[in-house]
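Top line first, the protein sequences correspond to chains A and B. Okay, so the first sequence: first residue is 1 according to this note's numbering, each after it adds one. Okay, so the second sequence: first residue is 341 according to this note's numbering, each after it adds one.
Hints may contain errors.
As the list claims (entries may be wrong) - Which bits of chain B does chain A cover? Going by a derived footprint, with three or more residues having C-beta under 8 angstroms, they are:
#1 419-430
#2 570-583
#3 647-659
#4 791-798
#5 809-823
Hint data in this document are derived by calculation from the structure and do not stem from the laboratory. None of the values given here were measured: they were computed from a predicted structure. Beta carbons are placed, not taken as given, at the ideal position from N, Cα and C, and that holds for glycine.
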Amino acid sequence: MNVQSPPEKLTARDFATDQEVRWCPGCGDYAILKAVQNTLAQLEADPKSTVFVSGIGCAARFPYYMETYGFHTIHGRSPAVATGVKLSNPELDVWVVGGDGDMLSIGGNHTMHAIRRNIDLQILLFNNQIYGLTKGQYSPTSKIGTRSPSTPMGSIDNPVSAAQFALGVGGTFIARSSDILQKHLPEVLKRAHGHRGTSFVEIFQNCIVYNDGAFKHFTEKSVQDEMQIHVEHGQPLLFGKDKSKGLVLNTSEMRLEAVTLGENGITEADIAVHDETNRSLATMLAQMDPPTMPVALGVLYCESAPTYDASVHAQIEHARKDGEGDFTKLLHGGQTWTVE
Amino acid sequence: MSEVAAIDRPDENRQEIESAVVRFAGDSGDGMQLTGSHFTMTAAIEGNDLSTFPDFPAEIRAPAGTTFGVSAFQINFGARKIMTSGDQLDVLVAMNPAALITNLADVKPGGIVIADSGAFTDRNLTKAGYTESPLENDSLDGYRLVKIDMSRLTVEAVKEFGLSNKEGLRSKNMWALGLIYWMYGRKRQASIDWLKTKFAKMPEIADANIAALNAGHAFGETAEMPAELGTFEVERAQIEPGVYRTITGAESVSLGLLAGSQLAGLNISFCSYPITPASALLHQLARMKNFGVVTFQAEDEIAAATAALGASYAGSLGVTSSSGPGIALKMEAIGLAIGTELPMVIVNSQRAGPSTGLPTKTEQSDLYQAVFGRNADAPMPVISVSTPSDGYDVAIEAIRIATKYMTPVMVLTDGYITNASEPWLIPDPSTYERFDVEFRTDPENFHPFLRDEKTLARPWVKPGTPELMHRIGGIERSYDTGHISYDPDNHQKMTDVRAAKINGIADDIPEQEVEIGAAGGKLAVVGWGSTYGPINRAVTNMRDDGYDVSQIHLRYIWPLPRNLEELLKTYDQVLVAEMNTGQLRTLLRSEYLVPAEGLNKVNGKPFLIGELEDAIRARLEK
Ligand SMILES: Cc1ncc(C[n+]2csc(CCOP(=O)(O)OP(=O)(O)O)c2C)c(N)n1
Ligand code: SF4
Ligand SMILES: [Mg+2]
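With the rest of the complex left out, here is chain A:
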């Protein structure tokens, strides 16, 4: 691997390609693109060692707009393609981008296996709760009752929670953020990048054309303080205007409850402290839904564990510990005989 460092510090703009961005005006994908470009600039990422892999969908157009290596593949398969990229060259910094349909419907299987193997990838799931590219059918994250061209009377199947899914299959890094959180999102992306293993980031993304306002019940200015909690490891789980609210762990019922400081004798000492190494807590946080509870954003879970790519190559190194294989010897394996 070439260890030339780029001559001068790159800016976000250096990570943009000359290609015309083709998302609808006002699409949340623009903001995410900007946040990712900013993040890479801040991380001083090396464009030549960075690869973006995607499937198909509006979100999956992403690689065309990143001045790095990029592979726009087929619907649902990006985690598997990325697995091949990373196994082939573990020194590459591999990002995977896709929508909720791409990664949880047609590609749910690959997403599950990439996460459970803990291969060193950053998976960014742009969740707009709709199939954007195919013109607005409901998706596996759409709320029950979503009216769409394929569900004119409203969808009837239960949606999947991306974060709970990732926690359930043994993910080692699960985080959430939103397209409009331009300060929060790059911080989450940096943490994701720093984690060794599969970093799974669900980004709530507004599809202005087919599902506008899907997240406004917790993203609109008027409600965001009350309906979002930004979790941080080691910090009390506080939210609300002036951090006047918090989460307490009801140990007898094994669930989180939202409380107001000063009410019913609650003090800050009663508030649960976020421990991102606690999978049960992360699961409870991921389960929270407005209006009774705020949506948990930030790094819900992070644990360090061996990565699949490192283990694969460790086995190869182990097999070679007494030297590279001898091909002639392999050809002569088993019983041989000589014909004079």
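Position chain B with the ligands against the provided structure of chain A, taking the given hints into account.
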């Protein structure tokens, strides 16, 4: 067969024969595969040419004694060139009634049937579907039947080693092997050595097996065998000098993949999902880690194909393998490889279908899938393996084409070749011409779909290369810039150039030769893949009998060799023999408008030489 005559039969009286076909058949637990492989090893060491075919049950642990639990191993060995594992059996060793009832039809009239009478119990007879013992009525009158209570004799032979009855019976296969060794005048030493090494840690097991082997041999030697059975001598065959080993199709393909990647200067990333009969490749390559081979057991075939493609994108050689149903799942990814023009090798070990079909039975019915089975105009080279050892060269050739032309290549092999074995003159890897891949590193005037003027291949760039960052994907790419392009005229141009690139490979492969016979004549029998052996033998036999018939055998299915049309048109008749309902025939007819006829079968078994001879005769005598 009644009396057992006790006479002395010294070795000099052995009847010399040119070749023989022996099948060991028994219960899955009887160790027939091991027995067969020992007999094979010894025949090879003693200088015979040979061909073998194992026939495993589809069920993993079928109930003992049932017909679907029968496992068999067939070997054809001779003093002449052996082309197939043999049409009909000279000797069937049947270790139980189920083995007899399922294999008897393949024994030639008057052939020898050796049965373990100790296993013909009422219970076993019923399980096999016999209402009375075939050893006791006249149903086997057309054969030379030898009934021996091998079970009892084995237990007696090993009793001194303190094994239980059940453990002792496990050596029954070695007893049978000893007897057949004696029949053909074979030395026991190689098997004895093997047993000693294999059971070095369990010497009593080694000793028991050796004792059983010796007892079986002694049983023949001490003339307890019926005299009219005879003993045989199969002389050494005329074989090219050199160092040999036996090789199965799975082994030759996996070794060829490794050899090819080394010739290209690449690491292999082999991504697969288990399926019969393709899994053997994954197992082989998983043990080649000391050569830097990455193997990945993916969650499904789609992941296997896409991970292989990702690996190729990242600069190693992505290889994936499966059989029919799994190949179907890979097709969208193969289309992406064709569109993005990345190298990749797909090995298809064909089996009988559609759907699950007959998973352990062979067929050649994926030719359409390989050549045509994708959405849109998506041409891809397809090459085929003809014999168990041929996989080595075919895999190397697949990698050469894939990397030189930046294209996926499908290798067609089949269940028969994968499991069958033959002796292989071990090649010297240094005699193969290298075809090192040159990755693009020069940023000057670069774009990802710039083409080499001659091959029309695009450059291969390893991510990590400075100043060559670029994006590729499934959306149509501009011929001039490599960027995505929705321009319809550009799509026409790109479709044309993709086709021209693959068609151009025809200039880079050998012209089609006539395998036996000559251009021009009354009849050409055309085949591809594993039908090579039987067609070769049948055409040779018929030519010896004065028939004007030639053999043409294709390795390259797509593109077809440049001269093939002209060559086929020199014959009055063209007969395409294949184990499907006529797929190559359709291809040849549609490409060349030749009136090719088909000889087709899909009963899960390779062609018999006799079937081919009959077909040739019918066409030349009409
Ligand atoms: C094999 C296959 N099936 C279906 C499609 C059609 N398709 C393209 S994108 C898409 C869904 C996109 O939804 P999502 O992944 O949520 O991405 P978004 O457009 O919302 O960003 C579908 C169904 C396809 N391209 N390939
Ligand atoms: S359809 Fe929706 S998700 Fe797709 S680009 Fe338009 S706004 Fe964005
Ligand atoms: Mg979506």
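- Which numbered hints fail: Hints 1 and 4 contradicted; others consistent.
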